[in-house]
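Novice: So you can see what is in the structure, the chains are spelled out below.
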Amino acid sequence: MSGVVDQIFVLGKHWLLGYAPVSVRPLLSAVLSVVPVLVAFPLLFAITTVLERKGLGRIQNRYGPNRTGPFGFFQPIADGVKSLTKEDIVPDTADHVVHLLAPLLLVLASFLAYAVLPMGRNMVIVNLNAGVLFFFAVGSLVELAVFMAGWSSRSKYSLLGAMRAIAQMISYEVPLVLASIVVIMEAGSLSTVTIVNMQTGYTGIWPHWFVFTPWGFAGFVLFMIAATAESNRSPFDLPEGESEIIAGYYIEYSGFKFALFFLGEYLGMFATSGMAITLFLGGWAAPFSFLTWIPSYFWFFAKLVALSVGFIWIRGTLPRLRMDQLMNLAWKFMLPMALLNMLTAGTWHFMPVGLSRWLVCTVMVVAPCILLGRGLARKKRFQVRRYQFVE
Amino acid sequence: MLGSGILKGMVETARNFLGSYIGKDRLTTVQFPEERLPQIEAARSFPFLVYDGADWQQGMRCVSCQICEKECPPKCIFIEKSKDKKPDAMGKPQFYPAVFDIDISVCMSCQICVEVCPFDAIKMDVDFELSTDDRFGGLLFDKQRLSKSNEYYNAIHPTEAGAVDAHFAEERAKLEAKTKAALHAKLALAAEAQVAGGEPR
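If you read the protein sequences in the order shown, they are chains A and B.
For the first sequence, position 194 matches number 199 in this note's numbering, and the numbering has no gaps at all.
For the second sequence, position 69 matches number 475 in this note's numbering, and the numbering has no gaps at all.
So that you can see chain A by itself, here it is in the shape it has in the complex (with noise of 0.2 Å):
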């Protein structure tokens, strides 16, 4: 019976297509397929929007929107119609094209890094071989599409936000990567089927994820880090620095443009967030062993709103970090972090399964981290400049 419940999605699709010609069936699969994902995530969206809003009400004491239906959970509604109706403004200087196509490329390349995620058993778009390199590579397009929209609106301000956010982006690409590379050395596949795979044993009542060793914690906070920058969210949220440089890259973008970026920012923090779910929190796989009988899709949605949930409470807490704070934690914190993460990973490959492995990598992660962040936190002197002409 919970097998069923499990596979419903996956037997109704099949039912489905039996009605339909077999020619037309692997169109039709797809779509089967793509629909529910073009629908279940930006009704997340919605959903998140809102809760994020209240929540972040209730950390500053504030209630948060209340007003349109009950404790305001038609909020979204209401945002959509507005954003909807509004003038769809573009600079007269503009470049048309391309500032219609940025918003689009956005959305479009933060949906495409859906197709590999596996969002329950049996559940997964299509199961690439090599399913991680593609998730990261379609990643990279938001960049693209960040620069076009910060060019094309022929504004210094757009301008700026974009070039920040070109060097958050690739900065913390490489750590983003990095760290999700020890789960590909221990996993052995780049196929995200695979390796939630290899997380759904149980040892006792504990499972098999990642997450639960050393270099899996380390990797986990790193990849949870990056995703942070990668998404342009609070605390790294300079590219749009709303008292700096007013919105960044999308400052010339009003109506439904905007809309549709403030879709694609929450999409690839979706998708990031998958992806961490997949690599490290064992994807769909049940956090105990007597909760198996809840169906996989049920866990793989828990955790992506838990890891949101956690978003929202960063974005709550954190200030925004300075140009040169974001660029020294990626470069000389992050990165050394990863890659010593790689060494770590290794070394426990290669240990006898034990606790003397556990004792190793934990020193492995935990000693590097305090150094770091002690050569990090030591307070810098500057020499005191001496003007020749102005004194």
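Bear in mind the hints are in silico, worked out from the structure with no lab data behind them.
Ideal placement from N, C-alpha and C gives every residue a C-beta, glycine not left out.
It is possible that some hints are incorrect.
As the list claims (entries may be wrong) - Each computed EDC-like pair below joins lysine to aspartate or glutamate, with the alpha-carbon atoms no more than 20 Å apart:
#, chain 1, residue 1, chain 2, residue 2
1, A, 59, B, 418
2, B, 554, B, 509
3, B, 554, B, 566
4, B, 492, B, 577
5, B, 554, B, 431
6, A, 59, B, 431
Claimed, not checked - Over the 12 Å line for every Cβ pair with chain B, so calculated as not near, a few chain A residues:
#, residue
7, 34
8, 213
9, 226
Mind docking chain B on chain A? Use the hints.
Specialist: For chain B alone, coordinates are given in the frame of chain A:
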């Protein structure tokens, strides 16, 4: 330790988040249209004209001296003086404004008109919910719309209105004493004249 500050901050925000569901005293937001805070006495929005008694036209304190019109920095007051006179608060025949308009879309609530008015006729109102879909006519207040009773003035600014009323009472008493004295003097003069006139008779 690296990251301990972040954890401390996250605990703090979590405490705020959960605390806002437990203790209502954390949430200081007033849900405006449903809940209202009592207005402080110094509150002010736009000027209005005070009248005494029941009839707004009879009791209007304004004597159309047009000082406020001249002083108004954004020039939002328009006054037309009347041809005839009517008794003012002191019973003295005075001009009155035939037209008194204030364009509150221009008014900047500076209160200079109130400062310069020698008759305590113009005062600041506290009504702020004045939005209208007619942006020209709906925001140009005429004499009738501007007139509000002295009781209303007492209700919104009790201290200030009390002082004005006391001042008026004092003035009135002084006037009364003066007229009484004048009457007495007149009577005495008449009596004297009578006495003086009677003697030779």
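Novice: Each of the hints needs a verdict: does it hold here or not?
Specialist: Results for each hint:
1. 59(A) - 418(B): holds (17 Å)
2. 554(B) - 509(B): holds (17 Å)
3. 554(B) - 566(B): holds (15 Å)
4. 492(B) - 577(B): holds (19 Å)
5. 554(B) - 431(B): violated (38 Å)
6. 59(A) - 431(B): holds (18 Å)
7. 34: The claim stands: residue 34(A) keeps its Cβ more than 12 Å from every Cβ of chain B (closest is about 44 Å).
8. 213: Answer for residue 213(A): holds, closest chain B Cβ roughly 27 Å.
9. 226: Per Cβ check, residue 226(A) is inside 12 Å of chain B; nearest 9 Å; violated.
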